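J.: Keeping the supplied structure of chain A fixed, place chain B upon it in accordance with the hints.
Residue numbers (my numbering), protein chains in the order written: chain A, 6 to 303; chain B, 703 to 920.
Please note that a few of the clues may not be correct.
[What the hints assert, rightly or not] The calculated EDC-like cross-link candidates involving lysine to aspartate or glutamate, where the alpha carbons are at most 20 Å apart (straight line), are:
1) A:K39 - B:D907
2) B:K906 - A:E22
3) A:K9 - A:E41
4) B:K906 - A:D12
[What the hints assert, rightly or not] The calculated label-pair distances, taken between Cβ atoms and stated as ranges, are:
5) A:R49 - B:R740: 36 to 46 Å
6) B:S741 - A:A74: 36 to 46 Å
7) A:L103 - B:E793: 28 to 38 Å
8) B:M910 - A:V82: 49 to 59 Å
9) B:R900 - A:G25: 12 to 22 Å
10) A:L103 - B:G742: 45 to 55 Å
11) B:R900 - A:E70: 15 to 25 Å
Source of the hints: derived by calculation from the structure; they are not laboratory data. Remember, it's a predicted structure, so these values are computed and weren't measured experimentally. Cβ coordinates follow ideal geometry from the N, Cα and C atoms, glycine included.
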Amino acid sequence: MTNKDFDALIRSAFQEEEAGDRELVAGEASEAMKKEAQAYATLREDLHALRDIPECQMSTERLREAILARGMKPKRVIPWWQPAFAMAACAAVAALALAPGMKSAGMPEKTESPLVATHTVAEPTQPLALEESSIAPMTSQMAPQGSSANTGAAVAPPLTERRPETRVRPSNRRPNRFARLESPARDSARPASLDSINPGSAAAALVGAAADSAAFRSEDAGTGAAMPTTFGAADAGTGSGGGAGFAMPGNQMSRAGAPQNKSGAEPVTVIVIPGGVDPATGAPVAQEVDKREVVFGG
Amino acid sequence: MIGRIALRLEPSPFGGKSREFDTTFGADTDDALVNRARSGDFSAFEILFERHRNLVYRYAYQMAPRRDDAEDIVQEVFIRAYQNLHRYRDEAKFTTWLLRITANYGTDRARMSTRRQNLEQQEAAGALTWMTVGSGEDDPIENLEQARRKAMVREAIQNLPENHRNAILFRDIQEMEYDQIAEYFGCTVGGAKLRVLRARRALKDRLMPLLSESGGEF
Numbered sequence: 006m007t008n009k010d011f012d013a014l015i016r017s018a019f020q021e022e023e024a025g026d027r028e029l030v031a032g033e034a035s036e037a038m039k040k041e042a043q044a045y046a047t048l049r050e051d052l053h054a055l056r057d058i059p060e061c062q063m064s065t066e067r068l069r070e071a072i073l074a075r076g077m078k079p080k081r082v083i084p085w086w087q088p089a090f091a092m093a094a095c096a097a098v099a100a101l102a103l104a105p106g107m108k109s110a111g112m113p114e115k116t117e118s119p120l121v122a123t124h125t126v127a128e129p130t131q132p133l134a135l136e137e138s139s140i141a142p143m144t145s146q147m148a149p150q151g152s153s154a155n156t157g158a159a160v161a162p163p164l165t166e167r168r169p170e171t172r173v174r175p176s177n178r179r180p181n182r183f184a185r186l187e188s189p190a191r192d193s194a195r196p197a198s199l200d201s202i203n204p205g206s207a208a209a210a211l212v213g214a215a216a217d218s219a220a221f222r223s224e225d226a227g228t229g230a231a232m233p234t235t236f237g238a239a240d241a242g243t244g245s246g247g248g249a250g251f252a253m254p255g256n257q258m259s260r261a262g263a264p265q266n267k268s269g270a271e272p273v274t275v276i277v278i279p280g281g282v283d284p285a286t287g288a289p290v291a292q293e294v295d296k297r298e299v300v301f302g303g
Numbered sequence: 703m704i705g706r707i708a709l710r711l712e713p714s715p716f717g718g719k720s721r722e723f724d725t726t727f728g729a730d731t732d733d734a735l736v737n738r739a740r741s742g743d744f745s746a747f748e749i750l751f752e753r754h755r756n757l758v759y760r761y762a763y764q765m766a767p768r769r770d771d772a773e774d775i776v777q778e779v780f781i782r783a784y785q786n787l788h789r790y791r792d793e794a795k796f797t798t799w800l801l802r803i804t805a806n807y808g809t810d811r812a813r814m815s816t817r818r819q820n821l822e823q824q825e826a827a828g829a830l831t832w833m834t835v836g837s838g839e840d841d842p843i844e845n846l847e848q849a850r851r852k853a854m855v856r857e858a859i860q861n862l863p864e865n866h867r868n869a870i871l872f873r874d875i876q877e878m879e880y881d882q883i884a885e886y887f888g889c890t891v892g893g894a895k896l897r898v899l900r901a902r903r904a905l906k907d908r909l910m911p912l913l914s915e916s917g918g919e920f
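Okay, chain A solo, but in the shape it has when bound (with noise of 0.2 Å):
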């Protein structure tokens, strides 16, 4: 007996038959078809035995009471302090993200740190380039006391190999405003390891520590300049500066920590406009001199 036998033949016993439902019990006249619609009679005969209920005597007055009896249900009574304290609460959270002091009461521990110069800076501007002549020799003094040790751990890691952990950030999430709070705590072992191999870098430190605040200065007047030479001069003598972070396309020295100076290497040269007309072309002149030739000022 097929699945269709058996839904024609409860239908037929629920006397539901649909058209084609006789034809098919019909068919299958067998004696267990027989007794499964007997069953399926009983069962129905069953079923309308419970229609056989005593009456409801429930009243319309039974109800009323009820519903006077439990009321309506309470509607949420919001506190009033509830509102007050979410505005409150938003208010103190704006007035932290907006507060403009924030970012400088986190300076001086920032000079404090001898690595917190993690941030970017932009391409040296002539002014602070020509510092370098002033801390240059100090810095060459100081590179063959640690040298030797600066060969091994004492040497920072590559400017490049720092980069991606400060700089790269997903673009949707904000920067995080207290990196630099935290980066002393996570650098405090780098200084403390330096200190050991090389007894000449509390110096050095200061000169790290001069550059970092030269650093901030820089970069928050848009310069960001002068670092190069100073921050290899904290890489050669201690590593206990902050030049690992500054990435200097101009800062270009050894793995041991000898600086290059770069200006010396191959002259930078300047372009002066002197004023007047050329007259073949009609265009305003300009002349290409070395960068040592010329006196910047104002």
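T.: Relative to chain A, chain B alone:
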């Protein structure tokens, strides 16, 4: 004879056999009454109660086969309906909504007091049943046998999965039309017919062992 003869209730409100249950005529449609009740007219809700209480009661009686308990269920269902009238959407029929409330309340009730319900079923299956529900015959032994069989069928229905149980109750006890059942289940009429067929097969499969254990036959 002690007791009371059971009364057949009015025909199904879905069968269209009774004018009392005609819910679609004139301004006193269910939706119109619901709107009046929403606006604070309690008499409109009373009309709804008078109109549909037997529908809910018959369904409730199959869940709790004692009149008092069934009436308590009816009362609770209508209180919930009144308290939640603002949630009623006109897409479904008011009766379908009421049956849903009844089914949900029955499920909650069964969950909360399974032990109590078992005791009630035992009581309903016991000697007290024949005093309240009888066949009209004067033979008490036959009455007792019928009551026992009813209790067995009721127990088998209660043990069915919810969708099968509701399909049996709506079609074979409440005598609802297939389109109403389809509306309740949210399926097509053909789907409702199929559900009823499957439910009947499941019920028979459950009932046969019970009857054979008790010496009855199918």
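J.: So, for every hint listed, does it hold in this structure?
T.: Hint check:
no.	hint	verdict
1	A:K39 - B:D907	17 Å, holds
2	B:K906 - A:E22	19 Å, holds
3	A:K9 - A:E41	14 Å, holds
4	B:K906 - A:D12	13 Å, holds
5	A:R49 - B:R740: 36 to 46 Å	42 Å, holds
6	B:S741 - A:A74: 36 to 46 Å	22 Å, violated
7	A:L103 - B:E793: 28 to 38 Å	48 Å, violated
8	B:M910 - A:V82: 49 to 59 Å	57 Å, holds
9	B:R900 - A:G25: 12 to 22 Å	20 Å, holds
10	A:L103 - B:G742: 45 to 55 Å	50 Å, holds
11	B:R900 - A:E70: 15 to 25 Å	43 Å, violated
The structure does not agree with the numbered hints 6, 7, 11 stated previously, though it agrees with the rest.
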